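Given chain A, put chain B in place with the hints provided.
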Amino acid sequence: MTSLVTVEDLRVSFTGSDVVRGVSLSVAPGECVAIVGESGSGKSVTARALLGLAGPGSAVRAAAFRVAGRDAFAFTPADWRRLRGGFAGLVLQDALVSLDPLRTVGAEIAEVLATHDVAPRGRRAERVLELLEAVGVPDPATRAGQRPHQLSGGLRQRALIASAIAADPPLIIADEPTTALDVTVQAQILRLLAGRRAAGTALLLISHDLAVVASIADRVLVMKDGRVVEEGPTRDVLAAPAHAYTRTLLAAVPSAASRSTRLTTGEPRGRPTPDRSAQVLAGTGLTRSYGPRRVVDDVSFTLHAGETLGVVGESGSGKTTLARLALGLLEPDAGQVTLHRRPWSHRRERERRPLRPRVQLVSQNPLDSFDPRHTVGRLIAEPLRVHRDARHERVLDLLARVGLPPETAARHPRELSGGQRQRVAIARALGPRPDVLVCDEPVSALDVSIQAQVLDLLADIQTEYGTAMVFISHDLGVVHHVADRVLVMKDGRVVEEGDVAEVFARPRHPYTRTLVDSVPRPVPSPHRLDAAGAA
Amino acid sequence: MIRRLGAGLAVLWAAATASYVALLLAPGDTVDILIGDGADTPEIRAGIIAEWGLDRPEIVQYLAYLWRLLHGDLGRSYQLQRGVGEVLAGQIGPTVQLTLAAAATGVALAAVIAIGTAGRGRWPRAAASAAELVSVSVPPFLIGIVLLSVFSFTLGWFPVSGAEGPAALVLPALALGLPIAGVLGQVLRGGLERALEQPFAVTARARGLTERALVARHALRHALLPAVTMAGWFTGALLGGAVITEVLFGRPGLGQVAMQAVTSQDMPVVMAVVLLSAVVYVTISTLLDLAYRVIDPRIRS
Numbered sequence: 001m002t003s004l005v006t007v008e009d010l011r012v013s014f015t016g017s018d019v020v021r022g023v024s025l026s027v028a029p030g031e032c033v034a035i036v037g038e039s040g041s042g043k044s045v046t047a048r049a050l051l052g053l054a055g056p057g058s059a060v061r062a063a064a065f066r067v068a069g070r071d072a073f074a075f076t077p078a079d080w081r082r083l084r085g086g087f088a089g090l091v092l093q094d095a096l097v098s099l100d101p102l103r104t105v106g107a108e109i110a111e112v113l114a115t116h117d118v119a120p121r122g123r124r125a126e127r128v129l130e131l132l133e134a135v136g137v138p139d140p141a142t143r144a145g146q147r148p149h150q151l152s153g154g155l156r157q158r159a160l161i162a163s164a165i166a167a168d169p170p171l172i173i174a175d176e177p178t179t180a181l182d183v184t185v186q187a188q189i190l191r192l193l194a195g196r197r198a199a200g201t202a203l204l205l206i207s208h209d210l211a212v213v214a215s216i217a218d219r220v221l222v223m224k225d226g227r228v229v230e231e232g233p234t235r236d237v238l239a240a241p242a243h244a245y246t247r248t249l250l251a252a253v254p255s256a257a258s259r260s261t262r263l264t265t266g267e268p269r270g271r272p273t274p275d276r277s278a279q280v281l282a283g284t285g286l287t288r289s290y291g292p293r294r295v296v297d298d299v300s301f302t303l304h305a306g307e308t309l310g311v312v313g314e315s316g317s318g319k320t321t322l323a324r325l326a327l328g329l330l331e332p333d334a335g336q337v338t339l340h341r342r343p344w345s346h347r348r349e350r351e352r353r354p355l356r357p358r359v360q361l362v363s364q365n366p367l368d369s370f371d372p373r374h375t376v377g378r379l380i381a382e383p384l385r386v387h388r389d390a391r392h393e394r395v396l397d398l399l400a401r402v403g404l405p406p407e408t409a410a411r412h413p414r415e416l417s418g419g420q421r422q423r424v425a426i427a428r429a430l431g432p433r434p435d436v437l438v439c440d441e442p443v444s445a446l447d448v449s450i451q452a453q454v455l456d457l458l459a460d461i462q463t464e465y466g467t468a469m470v471f472i473s474h475d476l477g478v479v480h481h482v483a484d485r486v487l488v489m490k491d492g493r494v495v496e497e498g499d500v501a502e503v504f505a506r507p508r509h510p511y512t513r514t515l516v517d518s519v520p521r522p523v524p525s526p527h528r529l530d531a532a533g534a535a
Numbered sequence: 001m002i003r004r005l006g007a008g009l010a011v012l013w014a015a016a017t018a019s020y021v022a023l024l025l026a027p028g029d030t031v032d033i034l035i036g037d038g039a040d041t042p043e044i045r046a047g048i049i050a051e052w053g054l055d056r057p058e059i060v061q062y063l064a065y066l067w068r069l070l071h072g073d074l075g076r077s078y079q080l081q082r083g084v085g086e087v088l089a090g091q092i093g094p095t096v097q098l099t100l101a102a103a104a105t106g107v108a109l110a111a112v113i114a115i116g117t118a119g120r121g122r123w124p125r126a127a128a129s130a131a132e133l134v135s136v137s138v139p140p141f142l143i144g145i146v147l148l149s150v151f152s153f154t155l156g157w158f159p160v161s162g163a164e165g166p167a168a169l170v171l172p173a174l175a176l177g178l179p180i181a182g183v184l185g186q187v188l189r190g191g192l193e194r195a196l197e198q199p200f201a202v203t204a205r206a207r208g209l210t211e212r213a214l215v216a217r218h219a220l221r222h223a224l225l226p227a228v229t230m231a232g233w234f235t236g237a238l239l240g241g242a243v244i245t246e247v248l249f250g251r252p253g254l255g256q257v258a259m260q261a262v263t264s265q266d267m268p269v270v271m272a273v274v275l276l277s278a279v280v281y282v283t284i285s286t287l288l289d290l291a292y293r294v295i296d297p298r299i300r301s
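Chains A and B supply the protein sequences, listed in that same order. Letter 432 of the first sequence, counting from 1, is numbered 432 in the UniProt record's numbering, and no numbers are missing. Letter 20 of the second sequence, counting from 1, is numbered 20 in the UniProt record's numbering, and no numbers are missing.
The following block holds chain A by itself, in its conformation from the complex (with noise of 0.2 Å):
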């Protein structure tokens, strides 16, 4: 059978660097191959370029290009477009800034029908709603009408995958679709596109997340610094992964097995063992309510010296307010915050203040905690109550400690990667040696190695100061790695809690065993997804 897509030894350069160096890869009708590597190492760049969208300024340069069965130079715009969406469906990550904000996500289907002229302008309506329940939204009528913004992160995806397949192109590339959704919702995604693959449609799926294409794709190619290091059948790269940085993005991936590992090396590391006689922060029948809606609702929890409470839940499930109730950011309806057993929330601002700085916040996008304006040395010094002139050498000591080096003082946050910016936002919350530190999904925008660096700070950093963490996550994997014990959130409430080891183990709630079912496992498991599972 010939190939959909062939190209051989692309490259992609923009004004002179090269940022694909020797691409070579294939798609067959009906086969998923994935695309996985960090941000940088020209994964979407390849998947664009072969829809020609290699983007302003680009030279593509290959040894063979086909698509489609011809050779893609030869190509007009207009023999371009037809291939756009006609022969080939671009999903793209966020549907939310991914599909047209200001047009109704009807409009945006029927928008590929008329371009590719696969519906008669009568029938186009009809032919919406029939793509939305085919994506498995529900009362596509309704949705059809509403944009974005009012649908939710997993309705959005599917409305952007059904505008993808609208003109029923044999090819979906799909670039990192379930970035950024919930576990249970991003597993309901790659069901979708299992059962479009199930049902004939190839799928060239790009991810950072080798775990997240384990389930779904035939051949794997990794790669980095825009070359391929590695490629073979799914079950074998995995299994047995030949190159050193496929063996470093799966030991990466944090999960049950890599609780005393450290996840860059893969290297034992010890655990702090909590001091559960001192009780550092706790909340008792917390509940906090914005307008009519009981965002958190009768909470309670301890936190002792040394310890780490993982908190999980999916969007809208009130953790960044609980986070926001533990930093004494927002004051309970009901119940009550301690510090050391003694009232951190409903107290005066006056007599809070000088306790600030035993409890600090890393958050998930430090960028908008960080004044732009500012340097990196400035934002450290900041919270720091020392004398001038040992100010400066304490944000060195401080960026030391986070792994950047002393130059990192004079730059803006703006010219730093997300994984140095974490570095510097964790580096500003230990400055005034906290006894806790509030995570608020502190590695959620980042690759999965990038979030193994961070991860191993964060374990360092508590091995040697004994610092108490509250750990929001949405990611079951990351809790399961950081976290002692764990608080598992539903609409407000505590649905599960204990010992991580045992409530994941064990869930014994209905939503905390859907959750753990949804995790995806970079190891291939017997039972893969199909298309009778898509929904």
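Just so you know, the hints here were simulated from the structure itself, not pulled from any lab data. Since we're looking at a predicted model, the values are computed, not measured. For glycine and all other residues, C-beta sits at the position ideal for the given N, C-alpha and C. Certain hints may be false.
Here chain A is said to cover these stretches of chain B; the calculated rule only asks that three of the stretch's residues, wherever they fall, bring their Cβ under 8 Å from a Cβ of chain A [to be verified]:
{"hint": "1", "region": "190 to 203"}
{"hint": "2", "region": "212 to 224"}
{"hint": "3", "region": "290 to 299"}
Showing chain B alone in chain A's frame:
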């Protein structure tokens, strides 16, 4: 929406009150001020005192003034010996023609330049930017003079002055519309370029859309948002520019009336012009507020 209307009414009330306070605080006798350079006889003085209720307490005068305004009575110009409403009504037509033509010219030029150059090569962008910069930084009267000397005096294509026929409208509309096109063009192009870099633009291209369709169906709507936000400035530029343009091109209109009223200190007319511009401001900003909601439905929820 009701809050929006309330705010509009408050602005109108404030404009009416401010011009009234200005009248009271102006140095000299209020009657003298109202007469201005007009004929000054005991009969006229008595008429003014009766009309403005100047023999009554100030609060009563003020309320009576608001009451008259509410009934659409803008008072009387003692210089022109006519009702102010009548004076303005006779001149409003040419001004509406001019401002609408200028607004249309400005918007159309801005759209053509922005759509033609957004995301294109360096040179077209640089050329458009330079043209925009010139049109923004050169005062409208200078543009008007240049247009007049080239197209009227030298080439003789358009009449030098007056408001007879569409030909007489071309140069004034250009003079007033060019600075608007300059600013609006920059804002539109910036908006278009930002929109074309968004992920949804990649999705749209991956659907097989042409660049033209991408701009027309997706990017333009995003670019309109910042442009609409500039409506306040836009309205002000048109109203202020109309005065200069009408005088320069010898066109009848409110600008001429306002100019004469100010130079001859015809206070009732000046006050009415202030009120009228407040009404125009409030109406246009309310309409654009509605337009904003239509363009970006996200702000409704």
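The hints, checked one at a time:
1. Coverage of a stretch by a chain is defined here by at least three residues with a beta carbon nearer than 8 Å to that chain's beta carbons; for the region 190 to 203 of chain B and chain A the count is 5, and the condition holds.
2. For the region 212 to 224 of chain B, the stated coverage by chain A is satisfied: 5 residues place a CB nearer than 8 Å to a CB of that chain, which reaches the threshold of 3.
3. Remark: the region 290 to 299 of chain B is confirmed as covered by chain A, as 4 of its residues place a Cβ nearer than 8 Å to a Cβ of that chain, reaching the required three.
When held up to the earlier numbered hints, the structure conflicts with none and fits them all.
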